[in-house]
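Listed below are the residues making up each chain.
Protein chains: 2
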Amino acid sequence: MGGKVYVVGIGPGGEEQLTPQARRAMERADVLCGYTVYIDLVRPLFPDKETYTTPMTRERERCRWAMETARAGRTVAMLCSGDAGVYGMAGPVAQLAPEFPEVELEMVPGITAALSGGAVLGAPLMHDFCVISLSDLLTPWEKIENRLLCAARGDFSICLYNPSSKKRADYLRRACGILLREKGPETVCGWVRNIGREGQERRVLTLAELREETVDMFTTVFIGSSTTQALEGWMVTPRGYEAKA
Amino acid sequence: MGGKVYVVGIGPGGEEQLTPQARRAMERADVLCGYTVYIDLVRPLFPDKETYTTPMTRERERCRWAMETARAGRTVAMLCSGDAGVYGMAGPVAQLAPEFPEVELEMVPGITAALSGGAVLGAPLMHDFCVISLSDLLTPWEKIENRLLCAARGDFSICLYNPSSKKRADYLRRACGILLREKGPETVCGWVRNIGREGQERRVLTLAELREETVDMFTTVFIGSSTTQALEGWMVTPRGYEAKA
Chain A
178 MGGKVYVVGI
188 GPGGEEQLTP
198 QARRAMERAD
208 VLCGYTVYID
218 LVRPLFPDKE
228 TYTTPMTRER
238 ERCRWAMETA
248 RAGRTVAMLC
258 SGDAGVYGMA
268 GPVAQLAPEF
278 PEVELEMVPG
288 ITAALSGGAV
298 LGAPLMHDFC
308 VISLSDLLTP
318 WEKIENRLLC
328 AARGDFSICL
338 YNPSSKKRAD
348 YLRRACGILL
358 REKGPETVCG
368 WVRNIGREGQ
378 ERRVLTLAEL
388 REETVDMFTT
398 VFIGSSTTQA
408 LEGWMVTPRG
418 YEAKA
Chain B
178 MGGKVYVVGI
188 GPGGEEQLTP
198 QARRAMERAD
208 VLCGYTVYID
218 LVRPLFPDKE
228 TYTTPMTRER
238 ERCRWAMETA
248 RAGRTVAMLC
258 SGDAGVYGMA
268 GPVAQLAPEF
278 PEVELEMVPG
288 ITAALSGGAV
298 LGAPLMHDFC
308 VISLSDLLTP
318 WEKIENRLLC
328 AARGDFSICL
338 YNPSSKKRAD
348 YLRRACGILL
358 REKGPETVCG
368 WVRNIGREGQ
378 ERRVLTLAEL
388 REETVDMFTT
398 VFIGSSTTQA
408 LEGWMVTPRG
418 YEAKA
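Chains as they are written, first to last, in my numbering: chain A, 178 to 422; chain B, 178 to 422.
Here chain A stands alone, though its shape is the one from the complex:
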């Protein structure tokens, strides 16, 4: 008789964007599993809950541990920042499903940064959009570059995750350079740092200014489409209603 693994998106980290479904999954779990920072975010809600933490680069081990623990009959909640299915653990866990057929899986969606950060800036996405990660740890830069070009040529609104890290300090500049091949320098952009947390910051700026900007790994970046506007401090991509009589 196998147990269950919930893969849970906890949102930006605060209680106010944690869904009831996510909270219940964690209540039902015998043990919470995840990256140390995420466990610490929810610990105040479950001070007596057993936890299992692993460092950032040991995701596959964490998933295997969760499935093995569930196979032994326990219920595990694997925690992910934002949404479990957007650069989270839903994929790696599901990839183990064939090896652990007796374990029940349930994915619990959460508020990913494109949405929580978007709400801080106003309505930067609104219409068709792309989400792209600038992290080339697992993806060749050539593939990221192609995606940036395709996103620009499709005139999508764009949201960039992982725009920067110690080893990748110039990636945002490089990405902006690629986008500027297809998009105007006045394209309205924005970023949000520490979404929903202490020290949250936001800025609305042009693509030319964004290229000169220094951002960190806690920042989510938004690049507008050809129709995006800056209005009263909000970054707003029209839905198209203006074309209606």
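Hint data in this document are derived by calculation from the structure and do not stem from the laboratory. Fair warning: there could be bad hints in the mix.
Stretch-level coverage of chain A by chain B, calculated; a stretch enters the list once three of its residues show a Cβ under 8 Å from a Cβ in chain B [what the hints assert, rightly or not]:
| id | segment |
| --- | --- |
| 1 | 184-194 |
| 2 | 197-204 |
| 3 | 260-269 |
| 4 | 283-290 |
| 5 | 301-308 |
| 6 | 326-340 |
| 7 | 403-416 |
One-sided excerpt, in silico: chain B residues whose CB lies under 10 Å from chain A [to be verified]:
| id | residue |
| --- | --- |
| 8 | Gln-194 |
| 9 | Gln-198 |
| 10 | Gln-406 |
Just so you know, these numbers come straight off a predicted model, no measurement behind them. Backbone N, C-alpha and C fix where the C-beta goes; we use that ideal spot for every residue, glycine too.
Given chain A's structure and the hints, the job is docking chain B onto it.
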């Protein structure tokens, strides 16, 4: 002294994916405003709350009504299915901000269908993805076609909103035809109908099968990247960890 408008994403409609922040915005509002179906979804939570409903095609009037009502000193919660900033009301409301500077605005993110539907299918997005609406009510089909081609050429995972309606019964077929110019017919796809509601249905299938599928307006469609797999009934796009030693 102006009032406030909250633009609130209520998620798929059930209480379990309604965030505390969204619930509090509705509690604080003097009146809930929105499309009749969304008001009815939350009415059990706020049985005595004043409401103002409008039909689906009167969004701009609804936004103006909300801003005028707030300017008179009241607090309005404008409700949107899913997330307010993804084909929702955040943009149209923010576009009125210059005309109503005394009104405070707050956008409240919610679980959009790409995430709630994605969780039902497993992990269809996972990595870089695009969201595209097949509704050409406000967007020329040529633009939609270009976006589908760009999304395919970028090898993004793709999520399609509004895949079908009475007047647009063959749009999914047309979209699949366009994608098949760049993607293989065996590309793993999926759809979810009535996400999170009574009568929820799901299916994992190939792109060739998807082209022959009949879906309705309550369905969200997912098209995989070149690496997406079908595993034990789950639609799973790898994060790329397999490439790691």
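Here is how each hint holds up against the structure:
A count of 5 residues in the segment 184-194 of chain A with a Cβ less than 8 Å from any Cβ of chain B is obtained; the coverage claim is therefore met, three being the minimum. Taking a C-beta to C-beta cut-off of 8 Å, the segment 197-204 of chain A contributes 3 residues in contact with chain B, enough for the three needed, and the coverage statement holds. As drawn, the segment 260-269 of chain A meets chain B at 9 residues by the rule of a beta-carbon pair under 8 Å; at three or more, the given contact holds. With 6 residues having a beta carbon nearer than 8 Å to a beta carbon of chain B, the segment 283-290 of chain A meets the requirement of three or more and the stated coverage holds.
Proximity of the segment 301-308 of chain A to chain B, defined as three or more residues with a beta carbon under 8 Å from a beta carbon of that chain, is established by the 8 residues found. By the rule of at least three residues with a Cβ nearer than 8 Å to a Cβ of chain B, the coverage given for the segment 326-340 of chain A holds, with 7 such residues. For a cut-off of 8 Å, the count of residues in the segment 403-416 of chain A with a CB near a CB of chain B stands at 8, and the three-residue condition holds. For Gln-194(B), the interface hint holds, the least distance from its beta-carbon to any beta-carbon of chain A being 5 Å, beneath 10 Å.
For Gln-198(B), the suggested interface contact is upheld, since its CB lies about 4 Å from the closest CB of chain A, less than 10 Å. With 10 Å as the threshold, the beta carbon of Gln-406(B) comes within range of chain A, its nearest partner Cβ sitting at about 8 Å, so the hint holds.
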